[in-house]
Amino acid sequence: MKLFEYEAKNILSKYGVPVPRGELATSPEQASEIASKLNVSCVIKAQVLVAGRGKAGGILFAENPQEAKEKAEKLLNSEIKGIKVRSVWIEEKLSIKKELYFGVTVDRFQRTYVAIASSAGGMDIEEIAAKAPEKLIKFPINPLEGFRTYHATYMAKKLGYKGKQMLQLASTFSKLYRAAMDYDAELMEMNPLVETVDGRFVAADARLIIDDNALFRHPDYKARLAEEGEFAPEEIEAREKGLAYVKLDGNIGIIGNGAGLVMATLDAINSYGGKPANFLDVGGGASADRIAAALDIVLSNPNVKVVFMNILGGITRCDEVARGILEAKNRIGFTKPMIIRLVGTNEEEGRKILTEAGIYVMNSMEEAAKKAVEVLHQT
Amino acid sequence: MGIIVGKETKAIVQGITGTQGSFHTRLMLEYGTKIVAGVTPGKGGMEVHGVPVYDTVKEAMENHEANASIIFVPARFATEAVLEAIENGLKTVVIIAEHIPVKDAIQIIARAREKGTTIIGPNTPGIITPNECKLGIMPAHIFKPGVVGIASRSGTLTYEIAAGLTNAGLGQSTCLGLGGDPVVGLNFIEVMEMFRKDEATKAVVLIGEIGGNLEELAAEYISRTNYPKPVVAFVAGRTAPPGKRMGHAGAIIMGRAGTAQSKIEAFQKAGVAVAEKPREVAKILAEKLNIK
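Those protein sequences? They're chains V and R, same order as listed. Take 1 as the starting number for the first sequence in the working numbering and just add one per residue. Take 1 as the starting number for the second sequence in the working numbering and just add one per residue.
Take the hints with a grain of salt, since some may be wrong.
[As the list claims (entries may be wrong)] Below, in silico cross-link-like pairs of lysine-lysine (DSSO-like), each with a Cα-Cα straight-line distance of 30 Å or less:
no. : chain 1 : residue 1 : chain 2 : residue 2
1   : R       : Lys277    : V       : Lys370
2   : R       : Lys244    : V       : Lys305
3   : R       : Lys277    : V       : Lys336
4   : R       : Lys244    : V       : Lys131
5   : V       : Lys81     : R       : Lys244
6   : R       : Lys244    : R       : Lys144
7   : R       : Lys144    : V       : Lys352
8   : V       : Lys55     : R       : Lys244
9   : V       : Lys138    : R       : Lys288
10  : V       : Lys222    : R       : Lys197
11  : R       : Lys58     : R       : Lys144
12  : V       : Lys138    : R       : Lys197
13  : V       : Lys81     : V       : Lys2
14  : V       : Lys2      : V       : Lys275
15  : V       : Lys84     : V       : Lys135
16  : R       : Lys277    : R       : Lys244
17  : V       : Lys329    : V       : Lys352
18  : V       : Lys241    : V       : Lys164
19  : V       : Lys74     : V       : Lys131
20  : V       : Lys336    : R       : Lys244
21  : R       : Lys269    : V       : Lys275
22  : V       : Lys370    : R       : Lys283
23  : R       : Lys244    : R       : Lys115
24  : V       : Lys131    : V       : Lys222
25  : V       : Lys371    : R       : Lys277
26  : V       : Lys352    : R       : Lys269
27  : V       : Lys135    : R       : Lys269
28  : V       : Lys305    : R       : Lys277
29  : V       : Lys370    : R       : Lys244
30  : R       : Lys244    : V       : Lys371
31  : R       : Lys244    : V       : Lys275
32  : R       : Lys244    : R       : Lys91
33  : V       : Lys55     : V       : Lys164
34  : V       : Lys370    : R       : Lys288
35  : R       : Lys202    : R       : Lys283
36  : R       : Lys244    : V       : Lys84
37  : V       : Lys157    : V       : Lys138
Simulated from the structure, these hints should not be mistaken for laboratory data. Here the structure is a predicted model, which is why all the values come from computation and not from measurement.
Given these sequences and hints, build the entire structure.
Here is the structure:
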């Protein structure tokens, strides 16, 4: 789950990391009030969960409350990369000497967290890795030991700082690490972490992605996830029913069991010139209820013209799946053509059940994908 | 032969009294897997399909000889169960549960490395050495003994490809599900290293998907070590959109990293044949092994 900048900054601030003074506004009037309270030049930042917000026009500057009001109004009436701006964060503008990067993320290969620092802050981390890999300092964190004070000092020193400034910077690193661990971060970063003209370190922007599987430990955010954020309402509904659903922009509805198999199904549809309308993994034990729920969600997308169901019954029995499909059919009724690929345990019985009900069943995933695209062109 | 599990494997089942645990214990026993004991705290003294149940792993180990554990405990309680298995000296631990937090997985795996325990999963269908031992939830009838080693990040896709191999007369030495999570106990390189040493394995199939860079690193390893056995790869998610989690917690393209294209190119650069569709894997492999 991605957190908004202001949420990440509030957390950092709670852990003692200096952040620019600022407040959240949902109306231009509020923005003006906050700007007059701050009483300095301000930055007005759209709170949207997309990368590259600055380049997309989501960050504006204001010299006085009137200007803050106008700029906030402009942002609040706009969309950034297709996402409507619901709130803006207004904060004091910093006097920047240098922009740094510091973050903690997961290293899948090492199976550890890794701390990453760079003197080339401001760009996104992949860009730094591509353009200035020599400016990237990576420190793998031993899980049984953690990121100790001296590890942080070592990284601050490598960035070229000395004495009191080095210790201040190291302390900022340690604090972010503690926050990242406490919040089950998949990624937490300060980018840029600004060295101000007067030599302080301030987190000018912050990002926190919480591990979805750890949300049960963070109930406040779990509750917020449903309200607004990165998921379409159907995606949240699916998640509540234990289905993994991702909406796409094509017109062939896809249902399958197993994440890898469904991804391979999307790829097959594409290779035959079709465009999938979604990804949907019903998971194990495709009971009638789950199949019906899956069909409900897929058919709720008006773009869907054809449905392709790819089920490989392993432990799940095909006759059970077939009965599930029939039950779902009776319950919600299909008006769209449907291609079913059904193989695995008890496949003969499963196929018989469906064929007798007038539903055509195929054996090969590749042939069935091809057929789905053909049927689409006939409709 | 094969890797990690075989005739000598004696396993305990943690979470044996639950619906999943009990169901799959029956299937594993039917397959011939030696299940010596089960563990469910609070259910000590029971029997499940003739297997005695204990409250703790420690008690199970005092009464039986075991070298592996398969864990059916749900995600919330799985971390404790795995740590208990590691502490009691079990050499192989299979974690079926999906949705274990990454932070916990990192802790578990660090502890396992310290103790010399091999972790398979989390979020894995498990491991099978056909006709010897099945420590997992995969449908057994798909697999036949043979020369192909499979390492995969996905469950049903493995069944799809393994069924294709079996139909083409290509049996398997061992099939192992690495797990669909971002952080898992074994990666492609470690498994390939085991397949390299395994005499029964004559060829390797790698089934990858979007997210992370384990496939790229495997490709680099294959060319660096001049890997001695033919390798065929399949990568799912060529058309997956960036920034969206495709079912598995680990299947996500972050920014520009973790795309199928990057993995496919890396494999091809390393001389690995990449199948475009699942059913092509068997065909390519048969050609490589000169089987008509």
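Status of each hint after checking the structure:
1. R:Lys277 with V:Lys370: holds, 12 Å
2. R:Lys244 with V:Lys305: Status holds; Cα separation ~23 Å.
3. R:Lys277 with V:Lys336: holds, 27 Å
4. R:Lys244 with V:Lys131: holds, 26 Å
5. V:Lys81 with R:Lys244: holds, 16 Å
6. R:Lys244 with R:Lys144: Distance of about 36 Å is beyond 30 Å: violated.
7. R:Lys144 with V:Lys352: holds, 27 Å
8. V:Lys55 with R:Lys244: holds, 22 Å
9. V:Lys138 with R:Lys288: Judged against 30 Å, a Cα distance of about 41 Å means the pair is violated.
10. V:Lys222 with R:Lys197: violated, 47 Å
11. R:Lys58 with R:Lys144: Distance of about 35 Å is beyond 30 Å: violated.
12. V:Lys138 with R:Lys197: violated, 33 Å
13. V:Lys81 with V:Lys2: holds, 16 Å
14. V:Lys2 with V:Lys275: At roughly 28 Å apart (the allowed maximum being 30 Å), lysine 275 of chain V and lysine 2 of chain V satisfy the hint.
15. V:Lys84 with V:Lys135: The hint is violated at about 36 Å.
16. R:Lys277 with R:Lys244: Distance ~22 Å between lysine 277 of chain R and lysine 244 of chain R Cα, so the pair holds.
17. V:Lys329 with V:Lys352: holds, 16 Å
18. V:Lys241 with V:Lys164: violated, 54 Å
19. V:Lys74 with V:Lys131: Roughly 34 Å separates the two Cα atoms, so the pair is violated.
20. V:Lys336 with R:Lys244: Satisfied, since the Cα-Cα distance of roughly 27 Å is no more than 30 Å.
21. R:Lys269 with V:Lys275: Given pair lysine 269 of chain R, lysine 275 of chain V holds - Cα atoms ~29 Å apart, limit 30 Å.
22. V:Lys370 with R:Lys283: Judged against 30 Å, a Cα distance of about 19 Å means the pair holds.
23. R:Lys244 with R:Lys115: Roughly 36 Å between the alpha carbons, so the hint for lysine 244 of chain R and lysine 115 of chain R is violated.
24. V:Lys131 with V:Lys222: violated, 37 Å
25. V:Lys371 with R:Lys277: holds, 15 Å
26. V:Lys352 with R:Lys269: violated, 46 Å
27. V:Lys135 with R:Lys269: holds, 28 Å
28. V:Lys305 with R:Lys277: holds, 24 Å
29. V:Lys370 with R:Lys244: holds, 25 Å
30. R:Lys244 with V:Lys371: holds, 27 Å
31. R:Lys244 with V:Lys275: holds, 17 Å
32. R:Lys244 with R:Lys91: Violated: lysine 244 of chain R and lysine 91 of chain R sit about 36 Å apart, past 30 Å.
33. V:Lys55 with V:Lys164: Given that 30 Å is the threshold and the Cα spacing comes to 35 Å, the pair is violated.
34. V:Lys370 with R:Lys288: holds, 27 Å
35. R:Lys202 with R:Lys283: holds, 16 Å
36. R:Lys244 with V:Lys84: holds, 19 Å
37. V:Lys157 with V:Lys138: holds, 13 Å
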